[in-house]
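> With the hints as your guide, set chain B onto chain P.
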Amino acid sequence: VRVVVGAFSLVYLARRRQMLAQGAAQHPWLYRPVGAAHLARRPLPEPAARALTDATLATGVAFTAGAAHRVTGPAYAGLLLWTLSYRNSWSMVFHTDNQMVLHATVLGLSRSADAWSIDAALRPSRNGRGATAWHYGWPLRLMRTVTACAYLVAGVAKVKGPMGWRWATGESLRRQVAADGLRKEVLGTPAAPATYALYDKVALFRVLAVGSLAVELLAPAALLSSRLSRLWALNAYAMHWGILALMNIRFRYQLSGAAFAPFLDLDRAVDAAARALARRP
Amino acid sequence: MSTSRPVESIAGMAPRPSRSERLAVGTFSTLLIGAVLAPVRQNWRAEKRDGFPLSYYPMFSARRPARSTVYHFRGIDQDGGLVAVPYTHAGVGGLNQVRRQIRRIALAGRADELCARTAGSVATGGRLPTVRAVQLVRATYRLDDWFLGVSREPVRLTVLGEAEVP
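If you read the protein sequences in the order shown, they are chains P and B. The first sequence begins at 14 in my numbering and counts up by one. The second sequence begins at 46 in my numbering and counts up by one.
Hints were generated in silico from the structure; no laboratory data involved. All the pointers check out, no bait thrown in.
Derived Cβ-Cβ restraints for the label pairs, each shown as a range:
1. 91(B) to 145(P): 46 to 52 angstroms
2. 219(P) to 69(B): 44 to 50 angstroms
3. 211(B) to 41(P): 20 to 26 angstroms
4. 153(B) to 52(P): 22 to 28 angstroms
By construction, the Cβ of each residue, glycine as well, lies at the ideal position given by its N, Cα and C atoms.
Looking at chain P on its own, in the form it has when it is part of the complex:
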């Protein structure tokens, strides 16, 4: 899971390196710090922003590779929190980043590099000493719980919003989808073709709204069993692909599947794949 989350976040940051450093360049007065960026009352000078972004990338490489994890794990978690907080301090909070930061925090502060890591390769005898299944289980349980809680909070926001439970009628969702598509069009990027094709399908939006609320509000209940939680993760994953098709909004961390990696038994899958490969003549 560390490798999956680390690799995703690393690519995500690397592709935005220039933009992350340039955030302050145009309108410094737009800066409104959120999260860890409250540490800086004013925008950082561009070289400092660039240096911190690069430090995040460097520790991200070490985190993903599992090198000196006791140092680089917490360091990456902290720097990722800083970098994305800073990125989100320019008029817009990207909710798509939240889970990634929370997952990196749990992984960075746990023994997630005792396998599939440079640390494990260099010091196989010392590595994992004193560890039990509990040490490797709690981070995954916590990541699953944190994920489910975030979806629950999103669901509560809908039913506690101005529409109340009438949000489930789908009308608000339909107009939200349309308003988002309209903004895209006038701001020079095309709306999703499905926005046009489905706009007058009110009943479909009702089904989607009820489905979304079910995924969000029932998320904690899905933690009761591993099978149920995997089923929930599959539904949440499908919901994000639905949002992409309908609105052309990319929840990249979720769409990649990395957000739902804690719900899967990746170690067992990798072991099974390795055994299958070994059996091949």
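Positioned in the frame of chain P, the structure of chain B alone reads:
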């Protein structure tokens, strides 16, 4: 490199976690879960405030009227025709981030400053060679008209600023 599951492969495993470890993990887990759930209180507040990475996830929850107002740029070409100006000319970041920046800049009375900057970007961008001027507008559209193919004209339009493309 070790590739298999550490639980099964590492000698000298302790039979169970220590009490201090369980206490530390329990405390950390409780704090983190509590922190993720805490923003839900925003829903009961008159003045809501979003945060990162601890959010109350307000997206999709607002009441959406049948009309939508957007601050955006439009280009005027040599024949007087109108074209959309991509948001990338107006700021750095994703579409919604730049959209919000445009709105804040306009509300701050700095539309002309942003128009000049955007016109400069259009001039050097090369993707809108026929555009001779850019306008920052506040436009209200009827969603049904737009998406049912009735009309793409705004029902209300205010030009907030304009700049010639150099």
